[in-house]
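S.K.: Residue numbers (our numbering), protein chains in the order written: chain A, 1 to 320; chain B, 321 to 508.
Derived by calculation from the structure, the hints in this document are not laboratory data. A quick note: this is a predicted structure, and the numbers were derived from the prediction, not measured. Beta carbons: idealized from backbone N, C-alpha and C, even for Gly. Please note that a few of the clues may not be correct.
[Said to hold, decoys possible] Have a look at the derived ranges for each label pair, beta carbon to beta carbon:
#1 Pro43(A) to Thr442(B): 25 to 35 Å
#2 Pro43(A) to Glu367(B): 19 to 29 Å
#3 Gly159(A) to Ile392(B): 36 to 46 Å
#4 Asp429(B) to Gly21(A): 37 to 47 Å
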Amino acid sequence: MSGAPTAPARRRHLLDIADIGGRADLEEVLRLTDAFAEVGERPIPKVPALRGKTVAWLFYEDSTRTRLSFETAARRLSADTLNFSVSSSSVKKGESLLDTARTIEAMGVDAIVVRHRSAGAPHRIAGWVDASVVNAGDGWHEHPTQALLDTYTLHRHLGGLDGAHIAIIGDIKHSRVARSDIWAFTQMGAEVTLVAPPTLLPPDLTGWPVRVSHDLDAVLPTLDVAYLLRMQRERMTEALLPSLREYTARWGLTVRRAEHLKDGAVILHPGPMNRGVEVAPEVADLDRSLILDQVRNGVSVRMAVLFLLLGADPANLLDA
Amino acid sequence: MAQRERRQAPPYGGTFVPRTRVMDRDGIRRAIWRMAHEIIEANAETESLVLVGLQTGGVQVAEAIAEALRSITEEPVEVGTLDVAFYRDDIGLRPVLPEAVTDIPWNLDGRTVILCDDVLFTGRTIRAALNALGDYGRPRAVRLAVMVDRGHRELPIRPDHVGKNLPTRRDEVVDVSEDGVDLGEMVR
Numbered sequence: 001m002s003g004a005p006t007a008p009a010r011r012r013h014l015l016d017i018a019d020i021g022g023r024a025d026l027e028e029v030l031r032l033t034d035a036f037a038e039v040g041e042r043p044i045p046k047v048p049a050l051r052g053k054t055v056a057w058l059f060y061e062d063s064t065r066t067r068l069s070f071e072t073a074a075r076r077l078s079a080d081t082l083n084f085s086v087s088s089s090s091v092k093k094g095e096s097l098l099d100t101a102r103t104i105e106a107m108g109v110d111a112i113v114v115r116h117r118s119a120g121a122p123h124r125i126a127g128w129v130d131a132s133v134v135n136a137g138d139g140w141h142e143h144p145t146q147a148l149l150d151t152y153t154l155h156r157h158l159g160g161l162d163g164a165h166i167a168i169i170g171d172i173k174h175s176r177v178a179r180s181d182i183w184a185f186t187q188m189g190a191e192v193t194l195v196a197p198p199t200l201l202p203p204d205l206t207g208w209p210v211r212v213s214h215d216l217d218a219v220l221p222t223l224d225v226a227y228l229l230r231m232q233r234e235r236m237t238e239a240l241l242p243s244l245r246e247y248t249a250r251w252g253l254t255v256r257r258a259e260h261l262k263d264g265a266v267i268l269h270p271g272p273m274n275r276g277v278e279v280a281p282e283v284a285d286l287d288r289s290l291i292l293d294q295v296r297n298g299v300s301v302r303m304a305v306l307f308l309l310l311g312a313d314p315a316n317l318l319d320a
Numbered sequence: 321m322a323q324r325e326r327r328q329a330p331p332y333g334g335t336f337v338p339r340t341r342v343m344d345r346d347g348i349r350r351a352i353w354r355m356a357h358e359i360i361e362a363n364a365e366t367e368s369l370v371l372v373g374l375q376t377g378g379v380q381v382a383e384a385i386a387e388a389l390r391s392i393t394e395e396p397v398e399v400g401t402l403d404v405a406f407y408r409d410d411i412g413l414r415p416v417l418p419e420a421v422t423d424i425p426w427n428l429d430g431r432t433v434i435l436c437d438d439v440l441f442t443g444r445t446i447r448a449a450l451n452a453l454g455d456y457g458r459p460r461a462v463r464l465a466v467m468v469d470r471g472h473r474e475l476p477i478r479p480d481h482v483g484k485n486l487p488t489r490r491d492e493v494v495d496v497s498e499d500g501v502d503l504g505e506m507v508r
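So that you can see chain A by itself, here it is in the shape it has in the complex (with noise of 0.2 Å):
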């Protein structure tokens, strides 16, 4: 009886993409994605697996479609939602983010799905609190589900990523989408490299197991992913490029780049995409983008994230 599967360790957070892991952890996780991929494609894509459970979210960052993404995987898996919107709330009035947390705890729900624009405010919550946490994205930090779902869009596109070059493209600098990236794609055997101004880079990259490359052109026909950032309108604020025209005539993906990019390569976004800027409108309508698979495999990641956290509790079983 050899390969008899062994309990899943109870995971009660999800705070950095390393929480999940190692590659057999990753790999388990994208397996679950599987099922839960299927449940959207039924007549009726909902199960009562999460029933009697309330998820809230707590957002101090404007996003609509990682909370909708979100709520849609609760509302298939038959949890309650709570949406505790900051920006009509007591936060307005000063409440501090301990006092939030608990008192969101206080009306009984089982996971929070934070997003706030510092670093670390999830780790905080998460040492305050019984609940589970998920960081849905904290500044410059981390955004775990973003890349579990960016993993299993490759990993189902291209049947595996060992070997494959994926270059992440853009403002790596202010992107915890990146950081996130990075890690769970390097875990899955592919190689990284970075691909911006200078200015855009972290200032310091050692222990990072990437590459970095200042030209999209010399890498572009290499590539078998190409992983474009968002260009974030608001930084242009802080000087670091001379402008976005620059930008999109040095690291854009042209309809001219696009050509250079090899047979199968294909192209990824987070959302929401600054159509001629990053990309040019005809390439990210081009069959090669998966970006809308990007936003389809979230609600089925976002499935199996809350699934693990909330479903299975082998702590229980030792009491039984």
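With chain A fixed as given, assemble chain B onto it according to the hints.
M.R.: This is chain B only, laid out in the frame that chain A set:
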């Protein structure tokens, strides 16, 4: 034996040690053919039949019954698979994870569904499967075919077609494979 049952044997798997062989390869084959004939006898309109095997142990039972039905009726028989992990009532009590995906590409409205599983025990898996089926349509009828009925039901569920009635102790484990049915224990 289903991976799920293996994993849930206290606590989490262990090694199955067979003690008694209660059915051999030939016995399994005969039981499959008998159940196939019973199914035809009970359902005159065989074209409305659809077999659904429960992941993972019920799938081979469904495939085998379907093969027998095809030889008898010389008509195609559809076989689907169902994973009930998300419908179980012990989520949170046990590590429940899906073993394999569900594959039912047809609308079940008006069909007669034969649910197939290897071992019928407490009935809770079947309860979950009935709930799950409801999300794929409204079958005209649902019947239950199992290779082994080992007793110890916790819900008012009974099988329509049984390969073998096997009285067991609660702590025993029944293992069904293509080679036969074994009764034994889990050893850690």
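S.K.: Indicate, hint by hint, whether the structure satisfies it.
M.R.: The hints, checked one at a time:
1. Pro43(A) to Thr442(B): 25 to 35 Å: 29 Å, holds
2. Pro43(A) to Glu367(B): 19 to 29 Å: 22 Å, holds
3. Gly159(A) to Ile392(B): 36 to 46 Å: At roughly 40 Å between Cβ atoms, Ile392(B) and Gly159(A) fall inside 36 to 46 Å, so the hint holds.
4. Asp429(B) to Gly21(A): 37 to 47 Å: 43 Å, holds
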